[in-house]
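Undergrad: Chains as they are written, first to last, in my numbering: chain Z, 1 to 1005; chain V, 1 to 189; chain X, 1 to 110.
Check before you lean on any hint, since a few could be wrong.
The calculated lysine to any residue pairs, modelled on SDA-like cross-linking and capped at a C-alpha distance of 25 Å, are [said to hold, decoys possible]: (1) V:117 <-> Z:609; (2) V:181 <-> Z:79; (3) Z:448 <-> X:79; (4) Z:686 <-> X:84; (5) X:27 <-> Z:249; (6) Z:489 <-> V:129; (7) Z:429 <-> X:40; (8) X:49 <-> Z:249; (9) X:46 <-> Z:489; (10) X:27 <-> Z:902; (11) Z:897 <-> X:43; (12) V:117 <-> Z:191.
Simulated coverage check for chain V against chain X, where a stretch passes if three residues somewhere in it have a Cβ under 8 Å from a Cβ of chain X [what the hints assert, rightly or not]: (13) 75 to 87; (14) 138 to 147.
Bear in mind the hints are in silico, worked out from the structure with no lab data behind them. We put the beta carbon where it would ideally sit given N, CA and C, even for glycine.
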Amino acid sequence: MSTRLATPGRLIDTSQPMSFSFNGKKLRGYRGDTLASALLANDQMLMGRSFKYHRPRGVVASGAEEPNALVNLGREGRFEPNQRVTTTELFDGLEATSQNHWPSLEFDVGAINARLSRFLPAGFYYKMFMYPRSFWKHVYEPIIRHSAGLGKAPKERDVDTYEHFHAFCDVLVVGGGVAGLQAALTAGKAGARVILLEQTDHWGGRAPVDGGVVDGASVDNFVDETLKALQSMDNVQLRLRTMGAGVYDHGYALGYERLTDHAPGSAGPRHRLWRIRAAQIITATGAIERPLSFAGNDIPGVMLASAVRDYVVNYGVSVGDRTVVVTNNDNAYLTAIALKNSGLSVPVILDARVLPDDRGLVAQAKALGIRVMMGHGVSSVKGGKRVTGVAICSQAGEGAVLEEIACDAVAMSGGWSPVVHLWSHCGGKLRWDTTHACFSPDVDNPPKGADGMGFVTPAGAASGMFALDDVLHDAHAAAEGVITCLDMKLPKEVTSPVAERREESPMAPVWMMPHGASAKLRAKSWLDYQNDVKVSDVRLAAQEGFVSVEHAKRYTTLGMATDQGKLSNINGLATLAGALDQDIPSVGTTTFRPPYHPISLGAIGGEARAEIFQPLRRTPLHDWHEANGAVFEPVGQWRRPYAFTRGSESTHDAVMREVTNTREKLGLLDASTLGKIIVKGPDAGKFLDMMYTNMMSTLKPGKCRYGLMCSENGFLIDDGVVARIDEDTWLCHTTTGGAERIHAHMEEWLQTEWWDWQVYVANVTEQYAQIAVVGPNARQALERLGGMDVSKEALGFMDWADGTLGGFNCRVYRISFSGELSYEIAVDASHGQAFWDALMAVGADLGAMPYGTECLHILRAEKGFIMIGDETDGTVIPQDLGLNWAISKKKDDFIGKRAQERSHMTDPNRWKLVGLETLDGSTLPDGAYAVGEGTNENGQRNMIGRVTSTYHSPTLGRGIAMGLVHNGPDRMGEVLSFPGTDGKTYEAKIVDPVFYDKEGEKQNV
Amino acid sequence: MSDPVTALKGAKGTAGFATVTEIGPVGMITLRGDFANKAVVKAAVAASGMTFPEQRRCATQGDQGMAWMSPDEVLIMCPYAEVHDRLENLQTALAKHHALAVNVSDARAVFRVRSPKVREVVAKLAPVDMDEAAFTIGMFRRTRFAQVPAAFWMPEADVIQVVCFRSVAQYMFDILNNAAKTGSEVGHF
Amino acid sequence: MLTIHCPNCGVTAEETEFHAHGEAHLKRFGPGSSEDDFESYLFMRKNPKGVHFERWHHRYGCGKWFHVARCTMTLEVFGSYTGQTSVPPQQIIDTIQDRRPDWVPAQDQA
């Protein structure tokens, strides 16, 4: 059984006991525990079930590479699935439940899959679910959906907050082990701005567990001293609990800081995403131990040798009383020695190598009286939910059992793989290191930055250095190189520390144990624990032609899901290489993509949620609207009142009332969102003639003209009223959504095509509150305010004038988007509300009411005025809309003119704008298509037109609509059929698009 | 004429580790012109009462100031009540030159954020190096704050002043206060 | 995510302050131009694996347009330069040729 030892671990504070629960069971641990160590201390070795076969699974590792032990953590607003027990710090009150099983962890029905495993080989899904076709939707997909997925999705809104932080530095060091500490120290001493990130809650990495002597003192001492030195440097920033998640183009890196995961509910954000720009990055990300592939290597109790050692040394937890160590290298002997020194039993070390002599750790183990069997390995592991023993065989043979040894844990080591993820994220290349049988960074081919030079340097174990002395030297050298790249100088007295060397025998690559394992053994030898991929699956994939490593990955699912194959990749590649009779480097690796380890979606979103999910643009009158029944609609990022409801009135009724009131009395519209762009200069007229289809240079000061703007493709992109202010100044109104876009459009042409034209442009949209005063009583209201002459004679239709109204400085445009007598009045935004109040006051007995955008739409549709975005969709030219009158024939050129001469644009068969009137007075469905004779090549009915705007007009008491129809203007009076999505077919007659006051008598009073 | 009302009526946030105050209204004039033309520079200096700013810098003194916006644009700041007169004088001075001067006082919202950790508030929202050595008093930076365009400078230590469009004043106020929430101090600068 | 230098305001900032506007140095064809010229102006864009000239907008900064010469394969940036030119300046061409000896400027291509 696994249990807490009497000797406390180096990270454990036994004075701070904590209680937590697993599957409802109350358990105890200490500050300093991870959830993994605390569960093991309570003999909870079984922690989950595998994905495919629902095999019982215990923890294998002690860090971020853990593939098995994923749990649901927390509850309600803090519930989160797939949390690794090895990276979860224990806190008081922690609640965890195991996942991927039913009905319980101990008894799981899905485990039947394991019995069927020989019928569920690699590619099973692709082979099985192909036929019959009809089964996919009704049989296969529901079954797969039911059984797919790891963990449960949270159901409640996340109660925590998240944020981003932008940081800049000369040197980013990722990894706070001895290599990272040393690299940071060297770079710091050179005066560089350094940020050092460590993913766990403590410094030093695994060196203090493995021991050693640096500059004559213990490695613990080295860690403490280095840390102290770094803390005293103003130019060095240290962050614990912050993982280097990814390295991206041009020195961009993401750090993932977990601030309150270990203390839920405390103040501040839960996670902080560090968006770091580093001139140079040092990846001191360490190395990950590899499992060995032998039969039964997934049974709970079989663990990485380094993890077994970590649990003993760091947490004071033994994973078993009797631990068999199986290895192909010296490093795992440290585990045997640590166990023995803790008073635990190591019945045997099975070493696949045959060494000529005993030295270093091998000699040390033997001296402790541990039995060592060279040239031997595991034939199979005994046990179900827990290891009960191992069957021993010769590594060279086919697995004939020589001896069985009872044990309750197996510590395995297949060698070490440098963590090359961050090196590789942005294109760093790898080379195969035959000495250590691993891929390590090819330092001659680093990821390259904006200047074309490398910007990432690996250090320590991450660059394939495994002996302490090599690690420290390499880290120092990495920092030295980086300092040189930065054109900085390292003081001469700064040198690398020196560590004592251990005598070591070379490791020997072992990809299958025993070497000639039978098919039966291979089918029980796991490569990927999380996805249940075995040696036999990879071999099958190779046999079936999946020779590319990327294909084999997808076919077998090796290295997918939440651990992305941190443990399994190299063993999988080696197995594939073996099956293909190729060497490992020529098979290559799959692509390393960020993040290194899953990060929360909350951290990625940062502050952007709830009220500040995105900016909402408010007009100066927004508060008034809110207080007066406005129902808002989004128009771009603006919020505009759709209608103003009164009492229990429905929104529809409010709109109808607003239309009638505006037509009969007086309506006020907040038009502040319309874009207002000033264009000034000696060449402004020439410029606007290019921007608009109309002639703007001939407009007289004091006058307004409606203008159309097209893209170079000829399509209509915006419209609005242009006012000429003086000899060289124009003011251009744009649509609500168009201000920024059209401003940028103008600037782009001025800056990149006609840079010699003398024109300045300024976007003054938000300087003004603009209010449309609309209806038969409009003039009377303004006259009551007084201050300027707004009579027909002084201010005719399409005139504008500056003046005062009611003491407010204003600019009054006599323009109409409703067909009514109408003034649009601009006042400085800071006076907008007061001016609106003044209008409402003088208009009270004239029937003044605010109206919203839906009323605006109906008013304009009754008049047949087009709306950008309704009648246009990026494929419509002005000619389609009968706007030829607004396209100057006198101009040689304007943006879009040449395009409108193209054959497709002049094609008489283009759909053109018409009015549509239903025969029964009902309202046509928005976007409905008119169907014609016959069918197209796909057997669909031919379409001959579509509805672009449709409303119920209270003025006319019937539905009105506009649409684009094939040869529309030539088909007046014809009745078209519009099938609706409601199953009904609507009949509508083609009519003139101007439904109301065709002569324009109402606006010209 | 009524009393001018700013977008948030002088809203103040004091709950976090920085105080966020909407100030103003501030008089602001956008001037576009050719600054190689001495007459244009002279007019700008006269209108602002400040020396002409170098690239990406601003000079402020009390209520008035001038900030470099782009190679052909400066922002002149002054008391709100003076903006119409100053604009008129500026336009008169520039009558014979190709230049554009417009009042944008009402198109903007201005915030003052004060805290010994004010650099952290900015660093959470803007992709700008806020290290003490990298961003100093007198610099003027146009960038984005979260999802909206903004310009900011440090009139004095521990204070930043942020200008954004009036329509997004509430968003700016909210993100500034959010970035200054108690417990979210970073301890980086 | 790239870092971009704006030659107009002198800022070097991350990509999120900017907006890319596609291929640089297009020659505009207007009324009177042939169908082929107009088609290539409107639709035909280079998509090189390697040296490329692009138009960029400092959207959240000074609001100005400019040009960037960069490598689409390695994302190496050779330099930024004014938007007010229809050809890359010699200095940029020299820099590119220095780092990509095999590269030939478009106007010199056969």
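Undergrad: Each hint: holds or not?
TA: How the hints compare with the structure:
1. Simply put, residue 117 (chain V) and residue 609 (chain Z) have alpha-carbon atoms about 24 Å apart, close enough for the 25 Å limit, and the pair holds.
2. Between residue 181 (chain V) and residue 79 (chain Z) the alpha-carbon distance is near 24 Å, which keeps this suggested pair within the 25 Å criterion.
3. Restraint check: the Cα-Cα separation between residue 448 (chain Z) and residue 79 (chain X) comes to about 16 Å, which is no more than 25 Å; the hinted pair holds.
4. Note on residue 686 (chain Z) and residue 84 (chain X): the hinted pairing holds, with a Cα-Cα distance of about 19 Å set against a maximum of 25 Å.
5. A distance of roughly 31 Å separates the Cα atoms of residue 27 (chain X) and residue 249 (chain Z); the hinted pair therefore is violated under the 25 Å criterion.
6. For the given pair, residue 489 (chain Z) sits about 23 Å from residue 129 (chain V) by alpha-carbon distance, which is consistent with the 25 Å threshold.
7. The suggested pairing of residue 429 (chain Z) with residue 40 (chain X) is violated, with an alpha-carbon distance near 39 Å, which exceeds 25 Å.
8. Pair hint residue 49 (chain X) plus residue 249 (chain Z) holds up; C-alpha atoms about 17 Å apart against a cutoff of 25 Å.
9. Pair hint residue 46 (chain X) plus residue 489 (chain Z) does not hold up; C-alpha atoms about 44 Å apart against a cutoff of 25 Å.
10. At roughly 19 Å between alpha-carbon atoms, residue 27 (chain X) and residue 902 (chain Z) fall within 25 Å of each other, so this suggested pair holds.
11. Among the hinted pairs, residue 897 (chain Z) with residue 43 (chain X) is consistent with the structure: their alpha-carbon atoms are about 16 Å apart, no more than 25 Å.
12. About 24 Å separates the Cα atoms of residue 117 (chain V) and residue 191 (chain Z), which keeps this hinted pair within 25 Å; it holds.
13. Against chain X, the region 75 to 87 of chain V contributes 0 residues with a C-beta closer than 8 Å to a partner C-beta. That does not satisfy the three-residue criterion, and the hint is violated.
14. Three residues within the 8 Å Cβ limit are the bar, and the region 138 to 147 of chain V against chain X gives 4, so the coverage statement holds.
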